Amino acid sequence: MNLSPTKTKTYVKEALLDSRLRASVDKATQTSLAKRNDKKEQIPYWEELRYKAHSIKRDVMEHLDTYLETFEKNCVSNGIHVHWAANAKEARQIILNIAHEKHAKTIVKSKSLTTEELHLNDFLIENDLETLETDLGEYIVQLLGQIPSHLTAPALHLNRQDIGKVFHEKLGIDYTEDPNELLTIARNTLREKFLNADIGISGVNFAVAESGSVVVVENEANARLTVGVPKTHIAVMGIEKIIPNMDDLAVFLKLLGPSATGQKASVYVNIVGGPAFQKLKEGPEEMHIVLLDNGRSKMLADPELRETLFCIRCGACLNVCPIYQQIGGHAYGWVYMGPIGITLIPQYLGEKEGKYSPYLSSLCGACYEICPVRINIPHHLLKLRNNVVEKGYSMKIEKIGMDIWAFLARHPKLYRFATWFPGKFQMLLPKGQSFPAPGYTGERALGKFDKKGFRKRFLEMKKNK
Amino acid sequence: MKVALFIPCLSEHLYPESAISMVKVLEHIGAEIEYVNDQTCCGQPAFNSGYRKQVVPVAERFIKLFQGKEYVVSPSGSCVTMVRKFYNELDINPELHSARDELSSKIFEFTEFLIKVVNMDKVDGTFSHKVTYHDSCHALRELGIKEQPRKLLKSIKGIDFIEMEKSDTCCGFGGTFSYKYADMSISMVARKCKYIDESGADYVTSTDSSCLMNIDGYLRKHNMKARAIHIADILAQSMNL
Chain A
5 MNLSPTKTKT YVKEALLDSR LRASVDKATQ TSLAKRNDKK EQIPYWEELR YKAHSIKRDV
65 MEHLDTYLET FEKNCVSNGI HVHWAANAKE ARQIILNIAH EKHAKTIVKS KSLTTEELHL
125 NDFLIENDLE TLETDLGEYI VQLLGQIPSH LTAPALHLNR QDIGKVFHEK LGIDYTEDPN
185 ELLTIARNTL REKFLNADIG ISGVNFAVAE SGSVVVVENE ANARLTVGVP KTHIAVMGIE
245 KIIPNMDDLA VFLKLLGPSA TGQKASVYVN IVGGPAFQKL KEGPEEMHIV LLDNGRSKML
305 ADPELRETLF CIRCGACLNV CPIYQQIGGH AYGWVYMGPI GITLIPQYLG EKEGKYSPYL
365 SSLCGACYEI CPVRINIPHH LLKLRNNVVE KGYSMKIEKI GMDIWAFLAR HPKLYRFATW
425 FPGKFQMLLP KGQSFPAPGY TGERALGKFD KKGFRKRFLE MKKNK
Chain B
26 MKVALFIPCL SEHLYPESAI SMVKVLEHIG AEIEYVNDQT CCGQPAFNSG YRKQVVPVAE
86 RFIKLFQGKE YVVSPSGSCV TMVRKFYNEL DINPELHSAR DELSSKIFEF TEFLIKVVNM
146 DKVDGTFSHK VTYHDSCHAL RELGIKEQPR KLLKSIKGID FIEMEKSDTC CGFGGTFSYK
206 YADMSISMVA RKCKYIDESG ADYVTSTDSS CLMNIDGYLR KHNMKARAIH IADILAQSMN
266 L
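Sequences listed follow chains A and B, in order.
Per my numbering, the first sequence starts with residue 5, numbered consecutively.
Per my numbering, the second sequence starts with residue 26, numbered consecutively.
Okay, chain B solo, but in the shape it has when bound (with noise of 0.2 Å):
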């Protein structure tokens, strides 16, 4: 099994220790792992923005990029998201629409991946923390991620899960929402971290880099307790890769 690498430009420059976990896991259920060296942006903070046209070269260019690949993986179901259902709404060159909708089929969030395609039903691995978990408002509600990493959770050993209130609502990142309107965001973050923090957990575990660096710069900067963490990492660690 060939997996294309798809890594998000938070995993890229941010966080790329999550990605390499990921790669690891990957590598470890014996996945061959290409990294498509000149891939860039797939265009989501511009296309939230409203700026289609200056989106649809870029997108064009991804779509060019990763043809013909067996599987694209991802650390982020935002970006996914992108890629799967926004390219659709894009004014791409029609040559291209057949290439387009391949890959949409194609492209996994790294959980989804992992239950859907993998077919895992279980990490044979120890990770001894309370952990909670955030649903990443594209991976829950445009790509229907939900059960997958909490079963993946779930099964790992010494691990206690808990359902942090209102798991499901937005962590107030939003992309460019975040900046454009920073006070409501910084309000929606407050509130989702005292949920996190009233669940008494030692993590906060999500599919998106986004959601969590919003998180963890306001569990930081308040010196709350827990700690955010990509679940590509929790898996990693949980089995000592």
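Next comes chain A alone, as it looks inside the complex (with noise of 0.2 Å):
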């Protein structure tokens, strides 16, 4: 599936048309949304849970260096191998040679927006490594060759009908449409390909640098078998993962769980410190941690836009956010989506393959409402916006207007002359009609302008009196 968020414009107005898409993408969200708020409710403390979370994120990020060299330190004493990816061309390269070095043939991997980014899956089986997704979502994604729609829920743009016709077609089994039948067919494909892999691949909700253990939260099971079945466990985080110590996770978990998919809590949460010991025989003979850089330290050199690195992925602003709900993931064109994707979007990939992405939101501010680590997104957007146009991306003829714009405004005698047109001019349109507007109207019609405007009726109204 080759996106590009260059071309979101189009994306948006193919998804506004596509009912079926829309559909699917509209219950989804309204029903995890639901699940939330329900299951925030029941905590009294969610805000200030909110507030600890920012602050231990702050705390991370401005002190992220020492934490860095903490949690490699305690992962080393835990016997795990580190590895440090400055781009995604190291960290494919580190993964493959890992690869290489175990002679392996077959590689499984839990969910992980990261390798998504490093576009892991691929590269791997360009390289002849037999490579599986094992969450059912991701798995289901995989088979149709396209990309995750959703941080958390990976299939939410398809239905059940779409999911019978993947697995009839891919898999060459009658169709069926029956939730249960599809998730023991997928079930029994996924368990033997865990058993005969050689490495699981998997990503990391939190790096805790206090103990030097990765922690995989999941509702499947699939990420446990992958950091646990094969003989090489690696798993793939951005730098930014880390926290402190075990409480700090306390907090975390709390917010995930509702945030995520409106889950008290979470149903697995995996904790990984190092490969398996010697007496026990069970489990990883060796694990790995790829810490990956790819943007990450340039956007944490910007005090404001660092916070967007304070995301835990939950997607929560997805799905709150009244656009993703009507058009879904793909539309952004890249790997994150919704409102932290177009945040996203312009730091990794530079203001001008992500000149529009910022400019794809009403600026409403559900997402900041929502966010359990208080991500300021429609603040973030606006200095993004700012970025794009200083760097010479935004189009010249709003430039031009906004030149001219500036020179009247603080003109008042010439911007009262300038506004005074239009409402000359309404008089001449049939009644009833208002000024059409490129792209505004159509299915609007725009308000109509007044003759006098407000000071005029203002001044006449004090001498009347």
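Everything labelled a hint here was simulated from the structure, so no lab data went into it.
It should be emphasised that the depicted structure is a prediction, and the values quoted were computed from it without experimental measurement.
Just so it is clear, CB atoms sit at the ideal spot from N, CA and C, and this is done for glycine as well.
There may be inaccurate statements among the hints.
Unchecked claim - Quick look at which bits of chain A chain B covers, simulated, 3 or more residues with Cβ under 8 Å:
no., region
1, 367-381
2, 406-416
3, 450-463
What the hints assert, rightly or not - Mimicking DSS-like on lysine-lysine, the simulated pairs with C-alpha atoms at most 25 Å apart in a straight line are:
no., chain 1, residue 1, chain 2, residue 2
4, B, 49, A, 456
5, A, 467, B, 49
6, B, 246, A, 455
Starting from the two chains in their separate frames, assemble the complex, guided by the hints.
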């Protein structure tokens, strides 16, 4: 699936015309949201948790270098191999080298957005490694050759008929749309793969510096099998996933369940602290962690935009967004979607490629209101829009218009003169008609310009008194 | 009590009657009204589109123009947000910082002013219609205006106040968003209007003319029953001002 944020305007139009997609996304997001609100209500200190989580992340980002060193040191003493990757290319190569060293043929993966960032599946498959996603949603999306359309629910854009169809076509089974049957088929297929896989690749939700361990949160037990069954486990994480200690983990876990899936708590919390002990003879013999930068340290440099690194990828901002609710994730044209996606796109890919993304928002602020770590997304979008303009990627005509506006706005007489015209021209239009405004009108009428305007009316009112 | 009016662009040129209604209500409660003659725009459209450099001199001019006023009141939560919140994010001349901070504590959205400053707790008037309230995003999430307008509306005699479903969901206007992503914006206002229609209201009201223009434009074009009306108009009409 080749998507690009430069085509986001076209994708949005297409998505809005796709009634089947819209129905699936709307239903799924509304359900998640209702469940989230219900669970949140059961936690009276929810707001305190949000502030706490925010301050933990702020502290981490301000001292990330120290925390990363501590984390690495503790991982090494737990017997974990730690690798540093400056960019996607380096990360892919590190993973491939491990696979070659282990003479691996098959790899199982549990859901990880960071590896989507690396386009890891395609790369490994090109290098003759059988690579299989094991999260149900991610598995379906992989069968279709797509990318996830939601941070926590990869196949949220599909309905059960779509899934029945892809199972029928790709797995050669009789068509069924019964969820239980589909689940059994997927489980049987995947179980076998787990037992034969040479390597398990997982993402990381939280990396605990103090203990040198990584935390993988999930609902299907596929991640538990991924990190526990194959002889080698590779965990891939962005450097921002660090939290100081286990007490902090409690804060985030409490917030994550309701925010991500509307659950009081996620079903499985896997805390992985290294390879299996010698005596135990169970679990992987070797464990690797790949610490990925890929633009993150650049994001860290801006004290304001740094906040976008606080994201725990729960997807609540997607569910609540009146835009995401209608178009789903693919329309954003990249791995990260929704309100947090459009703040990340120009930061990861640069303002040129991401110039349309920060504008795909009405700045309503529902995302900030729901964000469990209090990322002020609308304010960051405003800053990112400014960056697009400063770097010269806004439309020339718009810039000229803004320059003229700025001049007029400082010269009230000229300003009044310029704004006097539309009111006069209004009279030339057929009665009841308003100005046609390209793009704006069509499905809605524009308001009518007043002949006099407030200032004149007010002054007249004063005079008549 | 002296009140300086801040009349945003849409109120000046498209909805002056709502601003006049606001003036009438303010005069009714005994405020002395002043119109700062040379006011233009607060700079929000340019700011929201990313043109901060162009906004700075406009904002500086605005701060100087309204310097020293006892209160500044506006019929728009969104434009008040621009001055109160977003002027802080601009590279304003440091000499004007104290004037900016002072202005941000003196500028109020109309209903917020009535409740917070004037301590009005009921409206002595009659408005015999079914009314629903749309939460404008900036008023709701940046200024924390939620209960104030509802409290005023519910106190009016004869009013049948109904909450629509998802009153706090964006109407899709978003300033320049409404033409940059016009299809998306229309799709959002369509949904908003569906909720308004389902509520059975005769009128949908709000603190902001921008949202109301967007909503009313769609309601009219699609021959839906409800009409958009600024909250200042309801208050003024109910009191026969």
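Here is what the structure says about each hint:
As drawn, the region 367-381 of chain A meets chain B at 6 residues by the rule of a beta-carbon pair under 8 Å; at three or more, the given contact holds. Check result for the region 406-416 of chain A against chain B: holds, 8 residues qualifying (beta carbon to beta carbon below 8 Å, three or more required). By the rule of at least three residues with a Cβ nearer than 8 Å to a Cβ of chain B, the coverage given for the region 450-463 of chain A holds, with 12 such residues. Simply put, residue 49 of chain B and residue 456 of chain A have alpha-carbon atoms about 18 Å apart, close enough for the 25 Å limit, and the pair holds.
With a C-alpha separation of about 15 Å, the suggested pairing of residue 467 of chain A with residue 49 of chain B holds against the 25 Å cut-off. Among the hinted pairs, residue 246 of chain B with residue 455 of chain A is consistent with the structure: their alpha-carbon atoms are about 23 Å apart, no more than 25 Å.
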